[in-house]
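S.K.: So you can see what is in the structure, the chains are spelled out below.
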Amino acid sequence: MSEPAYFVLAALMPGPLHGYAIAKEVSKLGGGRFTLAVGTLYSVLDRLTHEAYVTVTGEEIVNGRARRYFALTDAGRAALEYEAERMAQAVRVVKLRSTGEVGASST
Amino acid sequence: MSAAGLERRYRLLLVAYPAAYRRRHGDELLDVLLASSRPGTRWPEPRQALALVRGGLRTRRGFTAVAQRWWRVADLTALALTAYALVIVAGQIRQSYRDFLHGAGLAPWFAQEVATAGLLLLLLSAVVAGYRRTAAGLGVAAGVVPALMSAHGLPDSVDDSDWWAPVIVAVLFGTLLLSVGRPHDGSAGRRLRLTLGLLVAATAAVWTMADPVPVRPLYLVVGVLCLAYLGAVVDPAAVVAVASLLLPPVLAATSHALIHSVELERWATLTALRLLVVVTCVGFAATVVRAESRI
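Chains U and F, in that order, give the protein sequences.
Heads up: the first sequence begins at 1 in our numbering, then just goes up one per residue.
Heads up: the second sequence begins at 1 in our numbering, then just goes up one per residue.
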């Protein structure tokens, strides 16, 4: 899973959002570390929709222009949780090593 | 006023997307773009502009071609080399015809050249139509027939710099056979577009290796770099195929130098090698960047 896709899915966890709201939520979640360019955001959304991790729940007309709302599907939630667990495990490996080494050097 | 200018410029960038996509979602993207830009700005941010071009090209590519399977690389490389051979033979036919017009009489190898061109055209058609086994057979025929037609086992028109033609045929045959039975790459229309693109690339490759090269090498390298980057966004396999076009001139120049024990035509060879390195690096970089963005 790509990093933008991961953050987009995470942004959708609380409920459906439209494109601009997703972009704002992603930059908030990333601590301002990265912001998604609009072209990238929609590439990611189109791909996730194609993979059925995300679905379009509705359209709203604002100023005569259509605005899609995207929602996380069950498959998307499962993929996100799997990815988070995988990374948590990878983090544990390093944490255990560094504490182990601290212990070794102190003896 | 400034907002209208910004909107117009963003609309222009959205041309990178397919028309149908633009009709359906263009305004939506535009809304987000305008909402994300700082008030008073008149020009699109470079970051946004680049993302739109990449996003548009990715959308045009669609989702089916994403899997970069090795037989697709083999397929496209075979196609590129066939196109290259066709361009070379077409050049030879033109030369023979010119000599004929100047009263030199029809060259004895003219029939061979026409036969080879015909076989190569059939080969390209077979690839476009998706008949891989037929294509593999035609590839061998294109290599063997000209040799049989000449009196002494080698095509008459084969000048020392043409010995790589059999090498190309061998690669072609190998790749076509390897990809027999594999899934096809999209529709026939898509393969036709790819073939036409590779023909253009092959013509460009032959033209840039011509002596003297009409373009300054720096412009050439920069141009190729930009094209390779865009190509890698759309289809890294196609970039590898195009890069393979630079091998025949390098082989030809080396063989010429070896057979005639003259100095290597440094300039042309170096340009080809440089371009080969550049294109390959860009292809790899695109793959690495994609891999690194994964977590």
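The hints are simulated quantities; they were obtained by calculation from the structure and are not laboratory data.
Note that the structure is predicted; figures quoted are calculated from it, not measured.
We put the beta carbon where it would ideally sit given N, CA and C, even for glycine.
Possibly wrong hints are sitting among the right ones.
Unchecked claim - Okay, the calculated beta carbon distance ranges per label pair:
hint, chain 1, residue 1, chain 2, residue 2, range
1, U, K28, F, L121, 54 to 62 Å
2, F, L12, U, R97, 50 to 58 Å
3, U, G31, F, P46, 18 to 26 Å
4, F, L50, U, E51, 22 to 30 Å
5, U, E51, F, A111, 49 to 57 Å
6, U, R65, F, R193, 26 to 34 Å
7, F, T134, U, T35, 46 to 54 Å
8, F, R38, U, E3, 18 to 26 Å
9, U, R33, F, R133, 47 to 55 Å
10, U, V56, F, L121, 42 to 50 Å
To be verified - If you want the ones that stay clear, here's a sample from chain U, every Cβ over 12 Å from chain F, calculated:
hint, residue
11, T40
12, E59
13, A78
S.K.: All hints, please: hold or fail.
M.R.: Comparing the hints with the structure gives:
Under the hint 54 to 62 Å, the C-beta atoms of K28 (chain U) and L121 (chain F), about 59 Å apart, fit the expected range. Between L12 (chain F) and R97 (chain U) the C-beta distance comes to about 52 Å, which sits within the given range of 50 to 58 Å. For G31 (chain U) and P46 (chain F), the hinted distance range of 18 to 26 Å is satisfied, since their beta carbons lie about 24 Å from each other. Between L50 (chain F) and E51 (chain U), the C-beta spacing of about 24 Å keeps the proposed range 22 to 30 Å intact.
Distance hint check for E51 (chain U) and A111 (chain F): the Cβ-Cβ separation is about 56 Å, which falls inside the suggested range of 49 to 57 Å. Separation of R65 (chain U) from R193 (chain F) is about 33 Å and conforms to the stated range, judged on CB atoms against 26 to 34 Å. Checked against the hint of 46 to 54 Å, the C-beta distance between T134 (chain F) and T35 (chain U) comes to roughly 52 Å, which is consistent with it. At about 25 Å, the beta-carbon gap between R38 (chain F) and E3 (chain U) stays in the expected band of 18 to 26 Å.
In this structure the supplied range 47 to 55 Å holds for R33 (chain U) paired with R133 (chain F), their Cβ-Cβ distance being about 53 Å. A hinted range of 42 to 50 Å holds for the C-beta pair V56 (chain U) and L121 (chain F), which are about 46 Å apart. With a cut of 12 Å on Cβ distances, T40 (chain U) falls inside the contact zone with chain F, its closest approach being about 5 Å. Non-interface call for E59 (chain U) relative to chain F: violated, since the shortest CB-CB distance, roughly 9 Å, does not exceed 12 Å.
No beta-carbon of chain F is positioned within 12 Å of the beta-carbon of A78 (chain U); the least distance is around 17 Å.
Hint check: violations occur at hints 11, 12; the rest are consistent with the structure.
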